[in-house]
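Line by line, the protein sequences give chains A and B. Its first residue numbered 1, the first sequence is counted upward by one per residue in the UniProt record's numbering. Its first residue numbered 1, the second sequence is counted upward by one per residue in the UniProt record's numbering.
Just so you know, not all the hints are guaranteed correct.
The calculated label-pair distances, taken between Cβ atoms and stated as ranges, are [said to hold, decoys possible]:
| id | chain 1 | residue 1 | chain 2 | residue 2 | range |
| --- | --- | --- | --- | --- | --- |
| 1 | A | ASN450 | B | ARG47 | 46 to 56 Å |
| 2 | A | GLY112 | B | PRO379 | 37 to 47 Å |
| 3 | B | ARG23 | A | GLY376 | 54 to 64 Å |
| 4 | B | ASP243 | A | THR341 | 52 to 62 Å |
| 5 | B | ASP120 | A | ARG473 | 48 to 58 Å |
| 6 | A | ARG109 | B | VAL299 | 12 to 22 Å |
| 7 | A | GLY173 | B | GLY247 | 23 to 33 Å |
Using 20 Å as the maximum straight-line C-alpha spacing, the simulated SDA-like pairs for lysine to any residue come out as follows [to be verified]:
| id | chain 1 | residue 1 | chain 2 | residue 2 |
| --- | --- | --- | --- | --- |
| 8 | B | LYS449 | A | THR43 |
| 9 | A | LYS449 | B | GLY44 |
| 10 | A | LYS449 | B | THR43 |
| 11 | B | LYS449 | A | CYS48 |
| 12 | B | LYS449 | A | LYS449 |
| 13 | B | LYS449 | B | VAL515 |
| 14 | A | LYS449 | B | ARG42 |
Worth flagging that the hints you see were computed from the coordinates, not collected in a lab. Bear in mind the structure is a predicted one, so any value in this text is a computation, not a measurement. Virtual Cβ for every residue (Gly too), placed ideally from N, Cα, C.
Number of protein chains: 2
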Amino acid sequence: MHDTTPMNGAESVVRSLHGAGVRVCFANPGTSEMQFVDALDRTGLLRCVLALFEGVATGAADGYARMAQGPAVTLLHLAPGLANAGANMHNARKARAPMVNLVGDHAVRHRGHDAPLTADVEGAAAPFSDWVRTATSAAGFAADAMDALGAAMSRPNRVATLVAPADLGWDAGGVVAPPPPPPAFAALDAEAVSRAAEMLGPDTVILTSGRVLETPEAVAQLQGIAVKTGARIMAPTSNRRFDRGAGRAGIARVPYPIGLALEALSPFRKAVLVETVPPVAFFAYPGRPSLLLPEGCEVLTLSGLDGDGPAAVAALADRAGAGAVVAETARPEAPPPGRITPAALAAAVAQALPANAIVVDESISGGRDVWGATQGAAPHSWISLTGGAIGDGIPLALGAAVACPDRPVLCLQADGSAMYTIQGLWSQAREGTNVTTVILSNGTYEILKNELFAVGANPGRSALDMLDLDRPRLDFVAIARGMGVPGRRIEDAAELCTAIADAMAEPGPYLIEAVM
Amino acid sequence: MHDTTPMNGAESVVRSLHGAGVRVCFANPGTSEMQFVDALDRTGLLRCVLALFEGVATGAADGYARMAQGPAVTLLHLAPGLANAGANMHNARKARAPMVNLVGDHAVRHRGHDAPLTADVEGAAAPFSDWVRTATSAAGFAADAMDALGAAMSRPNRVATLVAPADLGWDAGGVVAPPPPPPAFAALDAEAVSRAAEMLGPDTVILTSGRVLETPEAVAQLQGIAVKTGARIMAPTSNRRFDRGAGRAGIARVPYPIGLALEALSPFRKAVLVETVPPVAFFAYPGRPSLLLPEGCEVLTLSGLDGDGPAAVAALADRAGAGAVVAETARPEAPPPGRITPAALAAAVAQALPANAIVVDESISGGRDVWGATQGAAPHSWISLTGGAIGDGIPLALGAAVACPDRPVLCLQADGSAMYTIQGLWSQAREGTNVTTVILSNGTYEILKNELFAVGANPGRSALDMLDLDRPRLDFVAIARGMGVPGRRIEDAAELCTAIADAMAEPGPYLIEAVM
Chain A
1 MHDTTPMNGA ESVVRSLHGA GVRVCFANPG TSEMQFVDAL DRTGLLRCVL
51 ALFEGVATGA ADGYARMAQG PAVTLLHLAP GLANAGANMH NARKARAPMV
101 NLVGDHAVRH RGHDAPLTAD VEGAAAPFSD WVRTATSAAG FAADAMDALG
151 AAMSRPNRVA TLVAPADLGW DAGGVVAPPP PPPAFAALDA EAVSRAAEML
201 GPDTVILTSG RVLETPEAVA QLQGIAVKTG ARIMAPTSNR RFDRGAGRAG
251 IARVPYPIGL ALEALSPFRK AVLVETVPPV AFFAYPGRPS LLLPEGCEVL
301 TLSGLDGDGP AAVAALADRA GAGAVVAETA RPEAPPPGRI TPAALAAAVA
351 QALPANAIVV DESISGGRDV WGATQGAAPH SWISLTGGAI GDGIPLALGA
401 AVACPDRPVL CLQADGSAMY TIQGLWSQAR EGTNVTTVIL SNGTYEILKN
451 ELFAVGANPG RSALDMLDLD RPRLDFVAIA RGMGVPGRRI EDAAELCTAI
501 ADAMAEPGPY LIEAVM
Chain B
1 MHDTTPMNGA ESVVRSLHGA GVRVCFANPG TSEMQFVDAL DRTGLLRCVL
51 ALFEGVATGA ADGYARMAQG PAVTLLHLAP GLANAGANMH NARKARAPMV
101 NLVGDHAVRH RGHDAPLTAD VEGAAAPFSD WVRTATSAAG FAADAMDALG
151 AAMSRPNRVA TLVAPADLGW DAGGVVAPPP PPPAFAALDA EAVSRAAEML
201 GPDTVILTSG RVLETPEAVA QLQGIAVKTG ARIMAPTSNR RFDRGAGRAG
251 IARVPYPIGL ALEALSPFRK AVLVETVPPV AFFAYPGRPS LLLPEGCEVL
301 TLSGLDGDGP AAVAALADRA GAGAVVAETA RPEAPPPGRI TPAALAAAVA
351 QALPANAIVV DESISGGRDV WGATQGAAPH SWISLTGGAI GDGIPLALGA
401 AVACPDRPVL CLQADGSAMY TIQGLWSQAR EGTNVTTVIL SNGTYEILKN
451 ELFAVGANPG RSALDMLDLD RPRLDFVAIA RGMGVPGRRI EDAAELCTAI
501 ADAMAEPGPY LIEAVM
């Protein structure tokens, strides 16, 4: 221990993070963070997961936070590094995942000189963070880090970014700071419970997300309310995490395509919200509304984003006299030999999924049938792209596997999206994570072709060419091998089913390029 | 043509860009840019180069702008896409390369609803742009784009970002706008020329960059001034572009390592600046200054960043009575068979480089000897990482090759840095560019190990492990093959020399993993 030697700012932060329960740091450091690398090395208190690109570090931190249900910490380098990290900070923020980013900046005296790497670090952090601060002294640095951690763990969880000039890390005078106080939920409003109970009926939808979906008992109670009152239960299109599968109640999601989303919500005159907000269309389209609930729909927030959703559900079930209900869904048959269609992919996944697996969903268009089919699959956690910034699947899978080393991870990954953070495969190999990546290889940004039609275009060859990925064809098996991940290319649905099951049963990462 | 049909905003922008001389668009579009994809398709006016990651698009635009000496245009998607683009916007900005980024945002009416992809687009643009605006009407959209182009082409060149809500693209009422006025240089200060002439002597350094280095006559005139007066000529560590090699005068660069940089500049009592600013250390280090010129050094700006550097040099040479001087440097011998050391790499490159090639330098530590050796190589343009945000080499090479299809491109690429924008190899294959990428494969962030020692650390095993890339080893030949680029791994210096020459003589991209 270093009790008798003067402690620098970096070491005080590392020791404080450890004291607050942090155990892992997802890192892509540069020169301005060398004091942290040194402190992490000397103390041995945190496990460092190295990423070859910052977006891998933040995406992995998001996956870690979702599965560990605790804060994830990253170590990043200056404004351009933070920019590289931004897209997956955005996804984490939209997931309301607790994340602390430590970002090195130039030493205070160096910042006015417009050095090559000088840029506005706080400015780069702001669009993708809920909380931003720049530390100003070695003595206060650890306390700032604990404030960042407190912000990340508040209700709802947040993305907090602490900028750290390099000299604060190397200056002596670091002081270990106590952990932040535990976060409190907003109190449950008894009157809202009464009003929600009165609203329940066949023209009512209960929309829920957040911690409710991470609590199978709460979902079963919602299903009980549905059976008792005729109300419908739905979740947003994207959610931080959903613990589901056989033995657990299912919930429909609001569909992604604007037409289907409006249709799914059209029957409802009343909506009760539990840990979510009124659903919004992903994009605006000519002649379509942005808000998805029908005009004039009465909306009641039973529990806000800062509330205890499962407690609110329990209170509502109690008031409605409803018990927990789990309707069993059959596990689909394994797919017969043949082409890998979306339905065959869904059947293969549902069959092959072992108990207690984690499914990471960035399947975009090709995986549209998997959600429905896996309601009858072995119990699993489902985590997915929340902020629409593609390039999150491979990193999410890395972080989930680091958080839960005993749970196999299946990453359903669209090909176009995979290429944004393909470097994450290397970190999967380095960490020996049991991640099976299934690349849904259709050689196109299929979803953008649909979007092109949705805006009223009548695309010609060069427009479609801009959305095609097959000139040249991406060989994901070769790319993965180049990063230390073995794999194979599969064109048959029955083989795919066996290959997924085999890969998940084996330790270490594996990649399957499923030709669709 | 569409003269008789109402034109939407997107088409008016495409037609105006074409009218102003823009011919290429580096694109990674999403839903909010589908109107542009449609307009590009229907008009057929711009060549679209598709990137699989936004940082490839902006890095390629930078390389294009540097070699075309004209504006480059990108098409990007919302705040997270802009974040992905940010690091290479930063490098372009530090290079003072002319770049216009068109970034789609949600439709105006959709922006208040916190949709999954909603984030502050202008905020994400600001840290990496010199000019930011959000268009507000379809009718004014093209005029905004021409303002952006004018900002990009001003002196010095700038990075301009125009945010475009999706509905402005699809709304009718687009109006084609005239090109911006040609940019003007700041006038040359005759008094500054006189004062600079008086300062010339052995204790004077002339520091120059920008357009001077792109004008071999100006560099030769500077060399003549040096011969005549004893003054020394130096360039900053990183520059937008330098046209150099046999038959052209050479210039020393300020070294990157802080100790060598201070030593190189220590003899000078006077400094004359031509299209550059006083040199600054890359990073701050404990006990070292940030500004590199000796304390008390007299500094005169002969030509600012907004001036005509070559004209200033011509005036100074005239005043000093100096002619143009080119000192011939011998081309190094080809390296003998043996291990690929930095010196052997340098000799191989200098030997193999064909006339009129473009060298892209993101070689970081392993390529340190190449600069010196190539002064005697066939004439070439040298472009390099300017903002310190690694992950620029592969994209720069792509863009340079698109700008100059008749000039072979050699990309000297450090392995760790290569992984940030490795997706650019696919675009190189798709566009059939004659880029030969040499990966300097040492399996480590070597430069960070030096930085770790520079901050006074005594690193242990886990610190060094965090800077190593060899667990697992990256197989760049496999990765490249997976993206359609053939290649081979080479461990012998003589073989390397032959392989570089062969690859540059053949059309299409090729990758050599040089094991160092």
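### Query
Can you list which hints this structure breaks, lowest number first?
Per hint list: 1, 5, 7 and 12 violated.
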